[in-house]
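There are 2 protein chains.
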Amino acid sequence: MPVLRSHRTAAAAMAFLSIVLSPPVQAQSPAVRQWRQAHEHAILREYVGFLALPNVARDRGDIRLNADSLLAMMRRRGLEPRLLESGDAPPAVYGEWRVPGATRTIVLYAHYDGQPTDSAAWTGSHPWRPVFRTARLDRGGRIVPLPAEGQPIDPEWRLYARSASDDKAGVMAILAAVDAMRASGITPSSNLKFFFEGEEEAGSPHLDAILRAHADVLQADAWIIADGPVHQSGAKQVVYGVRGDVNVDVTVYGPTRPLHSGHYGNWAPNPAMMLAELLASMKDDAGRVTVAGWYDDVQPLGPAEREALRALPANDRELMAELGLAAVEGGGRPLVELIAEPSLNVNGFESGGIAAGARNVIPTEATAVLDLRLVLGNDVARQAGRLVDHVRAQGYHVLDREPTPDERRAHPRIARVRVRPGGYNAERTPMDLPVSRAVLRAVQSTTREPVIAVPTLGGSLPLSIISAALETRTITVPVVNHDNNQHAENENLRLQNLWDGIETMVAVMTMER
Amino acid sequence: MPVLRSHRTAAAAMAFLSIVLSPPVQAQSPAVRQWRQAHEHAILREYVGFLALPNVARDRGDIRLNADSLLAMMRRRGLEPRLLESGDAPPAVYGEWRVPGATRTIVLYAHYDGQPTDSAAWTGSHPWRPVFRTARLDRGGRIVPLPAEGQPIDPEWRLYARSASDDKAGVMAILAAVDAMRASGITPSSNLKFFFEGEEEAGSPHLDAILRAHADVLQADAWIIADGPVHQSGAKQVVYGVRGDVNVDVTVYGPTRPLHSGHYGNWAPNPAMMLAELLASMKDDAGRVTVAGWYDDVQPLGPAEREALRALPANDRELMAELGLAAVEGGGRPLVELIAEPSLNVNGFESGGIAAGARNVIPTEATAVLDLRLVLGNDVARQAGRLVDHVRAQGYHVLDREPTPDERRAHPRIARVRVRPGGYNAERTPMDLPVSRAVLRAVQSTTREPVIAVPTLGGSLPLSIISAALETRTITVPVVNHDNNQHAENENLRLQNLWDGIETMVAVMTMER
Chain A
414 MPVLRSHRTA
424 AAAMAFLSIV
434 LSPPVQAQSP
444 AVRQWRQAHE
454 HAILREYVGF
464 LALPNVARDR
474 GDIRLNADSL
484 LAMMRRRGLE
494 PRLLESGDAP
504 PAVYGEWRVP
514 GATRTIVLYA
524 HYDGQPTDSA
534 AWTGSHPWRP
544 VFRTARLDRG
554 GRIVPLPAEG
564 QPIDPEWRLY
574 ARSASDDKAG
584 VMAILAAVDA
594 MRASGITPSS
604 NLKFFFEGEE
614 EAGSPHLDAI
624 LRAHADVLQA
634 DAWIIADGPV
644 HQSGAKQVVY
654 GVRGDVNVDV
664 TVYGPTRPLH
674 SGHYGNWAPN
684 PAMMLAELLA
694 SMKDDAGRVT
704 VAGWYDDVQP
714 LGPAEREALR
724 ALPANDRELM
734 AELGLAAVEG
744 GGRPLVELIA
754 EPSLNVNGFE
764 SGGIAAGARN
774 VIPTEATAVL
784 DLRLVLGNDV
794 ARQAGRLVDH
804 VRAQGYHVLD
814 REPTPDERRA
824 HPRIARVRVR
834 PGGYNAERTP
844 MDLPVSRAVL
854 RAVQSTTREP
864 VIAVPTLGGS
874 LPLSIISAAL
884 ETRTITVPVV
894 NHDNNQHAEN
904 ENLRLQNLWD
914 GIETMVAVMT
924 MER
Chain B
414 MPVLRSHRTA
424 AAAMAFLSIV
434 LSPPVQAQSP
444 AVRQWRQAHE
454 HAILREYVGF
464 LALPNVARDR
474 GDIRLNADSL
484 LAMMRRRGLE
494 PRLLESGDAP
504 PAVYGEWRVP
514 GATRTIVLYA
524 HYDGQPTDSA
534 AWTGSHPWRP
544 VFRTARLDRG
554 GRIVPLPAEG
564 QPIDPEWRLY
574 ARSASDDKAG
584 VMAILAAVDA
594 MRASGITPSS
604 NLKFFFEGEE
614 EAGSPHLDAI
624 LRAHADVLQA
634 DAWIIADGPV
644 HQSGAKQVVY
654 GVRGDVNVDV
664 TVYGPTRPLH
674 SGHYGNWAPN
684 PAMMLAELLA
694 SMKDDAGRVT
704 VAGWYDDVQP
714 LGPAEREALR
724 ALPANDRELM
734 AELGLAAVEG
744 GGRPLVELIA
754 EPSLNVNGFE
764 SGGIAAGARN
774 VIPTEATAVL
784 DLRLVLGNDV
794 ARQAGRLVDH
804 VRAQGYHVLD
814 REPTPDERRA
824 HPRIARVRVR
834 PGGYNAERTP
844 MDLPVSRAVL
854 RAVQSTTREP
864 VIAVPTLGGS
874 LPLSIISAAL
884 ETRTITVPVV
894 NHDNNQHAEN
904 ENLRLQNLWD
914 GIETMVAVMT
924 MER
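Protein sequences appear in the order of chains A and B.
Mind the numbering: the first sequence is residues 414 to 926 in this note's numbering, read in order.
Mind the numbering: the second sequence is residues 414 to 926 in this note's numbering, read in order.
Calculated from the structure, these hints are not laboratory results.
Treat the hints with care, as some may be off.
Which bits of chain A does chain B cover? Going by a derived footprint, with three or more residues having C-beta under 8 Å, they are [to be verified]:
id: 1; segment: 522-535
id: 2; segment: 682-688
id: 3; segment: 741-750
id: 4; segment: 771-784
id: 5; segment: 813-823
Listed next, with one range per pair, are the computed distances between beta-carbon atoms [what the hints assert, rightly or not]:
id: 6; chain 1: B; residue 1: Thr703; chain 2: A; residue 2: Arg795; range: 33 to 39 Å
id: 7; chain 1: A; residue 1: Ala548; chain 2: B; residue 2: Ala739; range: 52 to 58 Å
id: 8; chain 1: B; residue 1: Asp531; chain 2: A; residue 2: Arg477; range: 28 to 34 Å
Beta carbons: idealized from backbone N, C-alpha and C, even for Gly.
All chains, full assembly: derive it from the sequences and hints.
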């Protein structure tokens with residue numbers, strides 16, 4: 414009751430939640446929290462060992478060590494684990510907890526691989542040598558050892574390591590939730606299946622093959638995706654959709670060998686400048702993508718989703734201050750609205766050298782990596798095709814490979830445009846399905862703060878692959894802090910988010926039938 | 414005689430040379446060539462040893478080893494060497510060959526430091542482990558050992574190493590010329606001084622201090638600069654001017670931490686895109702610099718220089734084919750004319766990562782390194798100031814340091830613009846001075862092919878520092894092949910250019926009084 418009352422007194426902007434959440438929500442048993450409080454040291458010791466394993470999907474040997482470790486962790490919990498494989502691709506690690514009499518089956522999903530990272534860019538620690546800090550690095554957090562068993566652990570501490578948040582935190586929250594339930598004698602309300610993917614950060618190129626090869630084993634009413642951050646305000650959230658994603662590499666060419674900028678400058682075309690002009694042609698001053706047709710086939714949100722969007726807390730101002738931004742794109746429209754649209758982001762670019770590596774040359778080529786986010790209605794191939802058309806419209810001869818010397822002599826502007834494999838479309842689960850409501854209510858049972866229901870997350874997960882291969886629904890239940898430096902150097906997890914995540918996962922595994 | 418006849422029958426475009434060169438030129442004594450032919454192995458062995466010393470100016474220990482080695486090389490030749498120092502800066506290595514009765518003094522200049530380079534970018538060899546190749550790398554040149562003493566060495570072979578061309582070749586040609594003269598009993602026509610600089614590629618930040626501290630020792634009628642490439646056609650050239658040069662680092666800022674491109678794309682400004690737009694604003698489609706005032710204070714060429722420019726061989730078409738360029742900048746104007754103007758080149762840029770290092774983030778910053786070339790009339794500070802004004806005109810708050818968090822929150826666009834120290838102005842020596850004519854005639858004495866007289870090279874040397882500090886004249890006499898990958902990976906020297914360079918240097922040291 415107090416839960417719902419506090420909820421009903423929240424800002425008018427949150428009113429839609431009461432619609433979704435009524436009738437009242439039952440609070441979670443205190444046994445889960447008590448078990449966690451008594452086992453924090455053990456949980457973190459196991460987690461640190463798991464994080465110490467390098468986990469970039471392309472490093473197949475490393476990934477196998479992660480899968481082996483995960484098999485052992487699941488075996489210790491009686492989850493009958495095994496690998497689901499497709500060739501030499503990073504395997505999915507699968508397990509089960511069957512519940513006699515249960516009429517519903519859910520799959521708990523997380524991924525154990527992490528984004529590639531440059532160790533040298535990390536500050537004071539190494540991506541695969543986890544350290545605890547007393548606070549966030551840029552707020553003066555110092556490295557500290559884990560206190561002795563029996564000594565309290567500050568929940569505001571951060572654990573710094575690659576995948577500390579994205580997404581071994583999902584794996585760890587799920588496995589610790591299983592421990593808590595076993596220890597407390599709590600039985601799941603659904604048959605549980607566990608599916609831990611090993612190449613999500615590489616774009617899940619083999620996920621479809623793995624799902625289809627093991628479709629019989631993987632049948633379920635819904636997949637619960639434990640990935641992505643909770644809301645920037647710290648509130649828990651349940652997310653019903655994600656954007657699609659595809660990466661595109663664009664390289665433009667200058668002279669066939671680096672030229673002395675004095676002897677040839679003003680005359681030989683500079684590929685860095687060419688790429689700058691090409692990129693600049695892709696967006697207007699307000700950050701709107703100017704590629705023809707970019708927004709054409711966006712499927713509009715339904716009334717429920719539009720209302721949910723309007724109800725989302727608006728914290729753009731606070732975020733801007735936190736991120737050191739005096740202005741943002743989008744012409745005044747809020748972040749939550751903008752990330753429901755397709756995007757074009759420059760992940761990075763490079764040409765020649767900078768800083769001590771700079772030399773007075775005209776470089777031979779310049780490369781940018783673009784990240785295209787897609788929403789419902791967009792199609793990976795169609796959206797990438799629009800980008801190619803745009804490059805062509807800027808006067809470029811477009812190739813999907815290195816140009817030959819003759820081609821270079823024939824075409825003033827050549828661009829190599831490579832659409833990376835593994836791109837996938839957006840996915841959205843209607844918010845008013847029974848399972849959609851049950852998950853939201855379950856998460857709400859763990860907290861007095863209103864849980865936020867998000868129609869579509871800005872981030873991407875290969876959920877369309879799952880729903881298409883298995884004809885199921887996906888609902889995302891994030892665990893980690895939003896300021897986790899996900900995908901970048903100095904990735905970190907706020908410990909309280911792991912503690913809260915364990916309770917969240919227990920709630921989902923025991924949600925109303 | 415035959416020399417001049419062949420010269421007079423050359424294209425009408427070369428007619429101006431006959432004016433400069435008349436009266437007839439005396440051919441060089443065959444003793445120099447004979448000595449070289451008998452000593453090629455010894456010259457190359459000594460040279461390979463010298464090239465094996467890493468020589469980036471910022472690596473002070475390395476540079477000292479180079480200077481020590483050069484001292485020993487000059488001591489063996491009786492040139493009474495010593496170091497001219499300024500603090501812990503890379504020292505200049507100085508020597509003398511006094512000639513009783515000589516009324517003119519010339520300084521032979523070269524530099525022994527090289528551009529920084531990324532060893533990993535070299536193909537099949539290492540910058541400081543010199544190798545011989547049978548031809549240019551991109552034309553299938555294979556690595557071969559130096560033939561046994563007594564076996565012939567193909568003069569078309571290339572020697573691959575950092576500074577093989579730029580500019581230890583200048584040092585080596587000068588020292589081998591001294592050997593040839595001593596062995597052949599040839600006496601210089603001038604008092605000779607030798608000045609080998611150790612931080613030219615770092616922008617000569619201490620050259621002025623060294624010159625002024627040792628101005629009495631360094632007095633001379635002219636400095637002969639053995640640096641830069643001969644003409645692309647292979648013809649020898651004498652160069653009367655060089656452009657000035659200054660580097661500028663430009664960094665623009667996005668969010669204070671890397672952001673997930675899905676959760677924040679379309680909203681958080683992307684510094685890579687901002688930098689692309691900023692760079693694109695600096696040039697028009699024809700490659701013309703659009704920075705206000707960029708061409709305003711260019712001092713026009715005089716009639717003699719304009720005529721010399723017109724007379725330069727036009728090989729733009731051949732160069733385009735060689736460099737794989739289907740189009741060039743400048744609206745159809747020839748290269749020789751364009752490099753007599755100020756320029757703005759993007760040496761390189763970087764933001765986020767590319768290829769395997771790419772991650773789906775909005776990066777925190779993006780940096781470009783620019784290279785501004787200056788001509789007579791331009792001033793380093795004034796030209797850099799115009800660039801800063803341009804950045805400001807694009808809406809940027811310009812700083813010369815990292816912005817503070819408060820500044821980032823206050824200004825939508827912040828650029829850090831750092832004008833690197835060590836920039837210098839252009840320099841030009843009139844082509845009709847007696848010493849100007851004498852040098853051209855001396856170089857012409859070594860070849861039947863017409864020597865090309867160039868009013869201004871596109872490249873830069875700190876010659877304005879020399880002429881201003883010592884009130885002297887500078888004339889550049891290049892040695893190396895133009896396709897040497899100078900300043901880049903896979904730098905190389907065509908051996909015949911070293912052989913020719915020895916004869917050129919002897920000619921200058923013995924030029925008419």
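Task: Violated hints, by number in ascending order, as checked against the structure - done: Hints that this structure does not satisfy do not exist here, as all of them hold.
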